[in-house]
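> These protein sequence lines are chains P and S, in that order. Residue numbering for the first sequence follows the numbering used here, beginning at 1215 and increasing consecutively. Residue numbering for the second sequence follows the numbering used here, beginning at 154 and increasing consecutively.
By construction, these hints were calculated from the structure, which means they are not laboratory data. Please note: incorrect hints may appear among the correct ones.
Unchecked claim - Capping the alpha-carbon separation at 30 Å, the derived lysine-lysine pairs in BS3-like fashion look like this:
1. P:Lys-1454 <-> P:Lys-1400
2. S:Lys-248 <-> S:Lys-404
3. P:Lys-1400 <-> P:Lys-1293
4. P:Lys-1296 <-> S:Lys-179
5. P:Lys-1430 <-> P:Lys-1244
6. S:Lys-404 <-> P:Lys-1293
7. P:Lys-1342 <-> S:Lys-163
8. P:Lys-1267 <-> S:Lys-163
9. P:Lys-1259 <-> P:Lys-1217
10. S:Lys-248 <-> S:Lys-155
11. S:Lys-248 <-> P:Lys-1439
12. P:Lys-1244 <-> P:Lys-1267
13. P:Lys-1342 <-> S:Lys-179
14. P:Lys-1259 <-> P:Lys-1239
15. P:Lys-1342 <-> S:Lys-248
16. P:Lys-1217 <-> S:Lys-159
17. P:Lys-1342 <-> S:Lys-404
18. P:Lys-1454 <-> P:Lys-1439
19. P:Lys-1244 <-> S:Lys-159
20. S:Lys-248 <-> S:Lys-179
21. P:Lys-1293 <-> S:Lys-210
22. S:Lys-163 <-> P:Lys-1296
23. P:Lys-1293 <-> S:Lys-155
24. S:Lys-155 <-> S:Lys-210
Stated by the list, open to error - According to the in silico footprint, chain S covers these stretches of chain P (three or more CB under 8 Å from chain S):
25. 1287–1300
26. 1320–1328
27. 1334–1344
Since the model is a prediction, treat every value here as computed from it, not as a measurement. All residues carry an ideal CB built from backbone N, CA and C; glycine is no exception.
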Amino acid sequence: MDKAIIVSNVDMHFNMSKFKIDSIKEYLIKLFKRELMYQDFIALKDISLEIPKGDVFGIVGLNGSGKSTLLKIISGILKPSKGYVKIYGVIAPLIELGAGFDMELTARENIFLNGSVLGFSRQTMKDKFDEIVDFSEMEEFLDVPMKNYSSGMVARIAFAVATITQPDILIVDEILAVGDFRFQQKCEDRINQLMSGGTTVVIVSHSIEQIERLCKHCMWLEHGKIKMIGDKQEVCDAYKNS
Amino acid sequence: MKVFIKNVFKYRYLLEDLTTRDLKVKYRRSLLGILWSVLNPLLMMMVITAVFSSIFKVVENFPIYYLTGSLIFNFFGEATNGALTSILGNSPLIKKVYVPKFIFPLEKTIFAFVNMLFSLLAVIIMFIILRFVPSWTIVFSPFVFLYVLVFSLGVGFFLSAISIFFRDVIHLYSVFLTALMYMTPIIYPESMLESMPAIVSNVIYCNPMYYYVQYFRNVAMYGIVPSLKDNLICIFCALLSLLIGSLVLKKSQNKFILYI
Ligand SMILES: Nc1ncnc2c1ncn2[C@@H]1O[C@H](COP(=O)(O)OP(=O)(O)OP(=O)(O)O)[C@@H](O)[C@H]1O
Ligand SMILES: [Mg+2]
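Using the sequences plus the hints, can you model the full thing?
Here you go:
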C-alpha cells in the first residue's frame, strides 16, 4: 500500500537551560562562566511509524507525552534532533489553537492569510470564501479581530480553511475538542468525506470516543516513547484501562 | 538556489499577501495614503536644504543631491530595519505552520522597494520643479536599484536570523544605521572626503552604501557612464552580502522555533 507519512527513528531533544539566553551580554557572561551547559530534555525517543494513504490515524497519550511535538515534526515546523520524516503530498496542519492566525487581524484577513500560507491564490480564496464562511458559521464576526474570538470560534475558522480544498494530509491537534457538539459532528462528517476522497488524517484528541469513532489505527505515546501502536480498538482499550 | 526559487514560486501568494498587508497597515490611518511616500522625502528635503545648503555651497542643485542620496540610503535603511524583526514578528505563524523563513525578510525588502519606487516620484517632481534635465545616463539607474536591492536583501537575511538569538541586535542596529548614514555622503559633499582624516575617509571607502549612492548620483545627476569597475564593486558587495546572509539564515533557521 502507498505510504503517506513515514517517520523514521525520530528523537526530539529540547535544551531546557534554566535561563533563556537572548542577549549578547548574557551569552558572554555565560560563556565566561562556562555555564552554557544545557539541560537536555527528551520529548520524543526513537519514534518510527508508517501511515498508509487514506488512513485515519489517532494519537493518544497524557499531557506532555509529546503528541503535539510529533505533529509539529511531521508538519515540518520542528526539525527532529535525529531521524527523519517523509511526507507524500500537500499537508494542511491544524496544530493546537490558532493554526497560524495573526490574532490582531480580523477573521476575514486571516482567512486570506491562512489560505496563502497553504499556497492558495487570492482568486481561489475569493471563490471559496463564502464556502468557508458558511462552514464555520461565523459571518457575523468576520470583521472582528480574532483576539476577541472564543477558542471554539477560532477552531471553526481554522478547520474550515484547512479543509476547503482536499489536502493529501490533514493534521488535527485537539482542534475538534473546543468546538461544540454540532460543530464536532460537522467536522467529523467533513473528515469522513475527505477520507473517502483519499486524504490521510492524523488526529490527536483527549476524547477516546472520538478516536474510536473516526480512526482506523491508533498510537499511544507515553513520555515520548511509543507504548503501543496498532488497531484502534486494542490501543484505546489498553489506554482506557491504564 | 533551485530550492529558493521553487519556494519563492510556491509561496508567492503569501509574499503578495504579506506585502499588501504591510502597505495597508502603513497607510490605513493616514489621510494622504500612499502619497506619504512621496511627501515624506520632499518635506525632509526642504528641511535639510534650508539648514545645510548654505553650509555646503559647493554642491550644485543641493535638493537633488540630497534626494538622490537619501533615496538609496533610505531604501536600505527601511528594508534592513524591517527585515530585522520580520521573523520575530511572524512568530505566531511560524509556530503553527511550516513556512520557509526567508519569506519574511524578503517580503520586507520588497515592501521597502515598493516604497522606494513611490519616493522616486519625489525625485522626478524635483527634477521638474528645478527644471533639471537629467542626462541620458539615467537609464542605468535600474542597475543600481537591483544592486542595492540584492545587497539589502543579504543584510536583511543576516539580521533577521541573528536578531532571534540576540535580541539586543534590534537596539544596536538603529545606532549602527545612524552611524552608517553619517558614513555615507548624503548631506555633505563627496569632495569633503578628501579633507577628512585618512582613517575616516578610509572607513567611508569601505562602506558599500557609498558606492551605491555614488553610482546613482553619477547616472542621475552628473551624466557619468558607470565604469566597469563601479559596476563590479557594486555587484561584488551585493553578492557577498547575499551569500553571507543566505548562509547564516539557512544554517540557523531550524533553531528559530526554539527561541521565539
Ligand atoms: N519548544 C519547547 N521547548 C522546550 N520544551 C518543549 C518545547 N515544546 C514542547 N516541549 C516539551 O515537550 C513535552 C511534550 O510536549 P507536547 O506539547 O508535545 O505534549 P502533548 O502530548 O501535546 O500534551 P497535551 O496533551 O497537553 O497537548 C513537554 O514536556 C513540553 O514541556
Ligand atoms: Mg498538545
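> Could you run down the list of hints and mark each one as holding or not?
Evaluated hints:
A C-alpha spacing of about 26 Å is found between Lys-1454 (chain P) and Lys-1400 (chain P), which places the hinted pair at or below 30 Å, so the restraint holds. With a C-alpha separation of about 19 Å, the suggested pair Lys-248 (chain S) and Lys-404 (chain S) falls inside the 30 Å cut-off, and the hint holds. Proximity of Lys-1400 (chain P) to Lys-1293 (chain P) is assessed by CA-CA distance (about 33 Å); at most 30 Å being required, the pair is judged violated. Our distance criterion of 30 Å between C-alpha atoms is broken by Lys-1296 (chain P) and Lys-179 (chain S), whose separation comes to about 43 Å.
At roughly 50 Å between alpha-carbon atoms, Lys-1430 (chain P) and Lys-1244 (chain P) are farther apart than 30 Å, so this suggested pair is violated. Restraint check for Lys-404 (chain S) and Lys-1293 (chain P): satisfied, since their Cα atoms lie roughly 12 Å apart, inside the 30 Å limit. Distance hint between Lys-1342 (chain P) and Lys-163 (chain S) is fulfilled; the C-alpha atoms sit about 19 Å from each other, no more than 30 Å. Taken as a hint, the Lys-1267 (chain P) and Lys-163 (chain S) pair is honoured in the structure, with Cα atoms around 24 Å apart against an allowance of 30 Å.
Only pairs whose Cα atoms come within 30 Å are accepted, and Lys-1259 (chain P) paired with Lys-1217 (chain P) is accepted, the gap being roughly 22 Å. Between the alpha carbons of Lys-248 (chain S) and Lys-155 (chain S) the distance comes to roughly 26 Å, so the proposed pair stays at or under 30 Å and holds. With a CA separation close to 23 Å, the supplied pair Lys-248 (chain S) and Lys-1439 (chain P) stays within the 30 Å bound. A threshold of 30 Å between alpha carbons decides the hint, and for Lys-1244 (chain P) with Lys-1267 (chain P) the separation of about 49 Å lies outside it, so the pair is violated.
For the suggested pair Lys-1342 (chain P) and Lys-179 (chain S), the alpha carbons sit about 28 Å apart, so the restraint of at most 30 Å is met. For a cut-off of 30 Å, the pair hint linking Lys-1259 (chain P) to Lys-1239 (chain P) is broken: about 34 Å separates their Cα positions. At roughly 26 Å between alpha-carbon atoms, Lys-1342 (chain P) and Lys-248 (chain S) fall within 30 Å of each other, so this suggested pair holds. Between Lys-1217 (chain P) and Lys-159 (chain S) the alpha-carbon distance is near 25 Å, which keeps this suggested pair within the 30 Å criterion.
About 38 Å separates the Cα atoms of Lys-1342 (chain P) and Lys-404 (chain S), which puts this hinted pair outside 30 Å; it is violated. For the suggested pair Lys-1454 (chain P) and Lys-1439 (chain P), the alpha carbons sit about 18 Å apart, so the restraint of at most 30 Å is met. Proximity of Lys-1244 (chain P) to Lys-159 (chain S) is assessed by CA-CA distance (about 41 Å); at most 30 Å being required, the pair is judged violated. Simply put, Lys-248 (chain S) and Lys-179 (chain S) have alpha-carbon atoms about 25 Å apart, close enough for the 30 Å limit, and the pair holds.
For the hint pairing Lys-1293 (chain P) with Lys-210 (chain S), the CA-to-CA distance comes to about 60 Å; that exceeds 30 Å, so the pair is violated. Distance hint between Lys-163 (chain S) and Lys-1296 (chain P) is fulfilled; the C-alpha atoms sit about 28 Å from each other, no more than 30 Å. In summary, the hint linking Lys-1293 (chain P) to Lys-155 (chain S) is supported, as the alpha carbons are separated by about 21 Å, within the 30 Å threshold. The suggested pairing of Lys-155 (chain S) with Lys-210 (chain S) is violated, with an alpha-carbon distance near 51 Å, which exceeds 30 Å.
Residues of the region 1287–1300 of chain P with a Cβ under 8 Å from some Cβ of chain S number 5, which satisfies the need for three, so the listed coverage holds. Counting residues of the region 1320–1328 of chain P whose beta-carbon sits less than 8 Å from any beta-carbon of chain S gives 3, enough to reach three: the coverage restraint holds. Only when three residues or more bring their CB closer than 8 Å to a CB of chain S does the claim for the region 1334–1344 of chain P stand; here the count is 3, and the claim holds.
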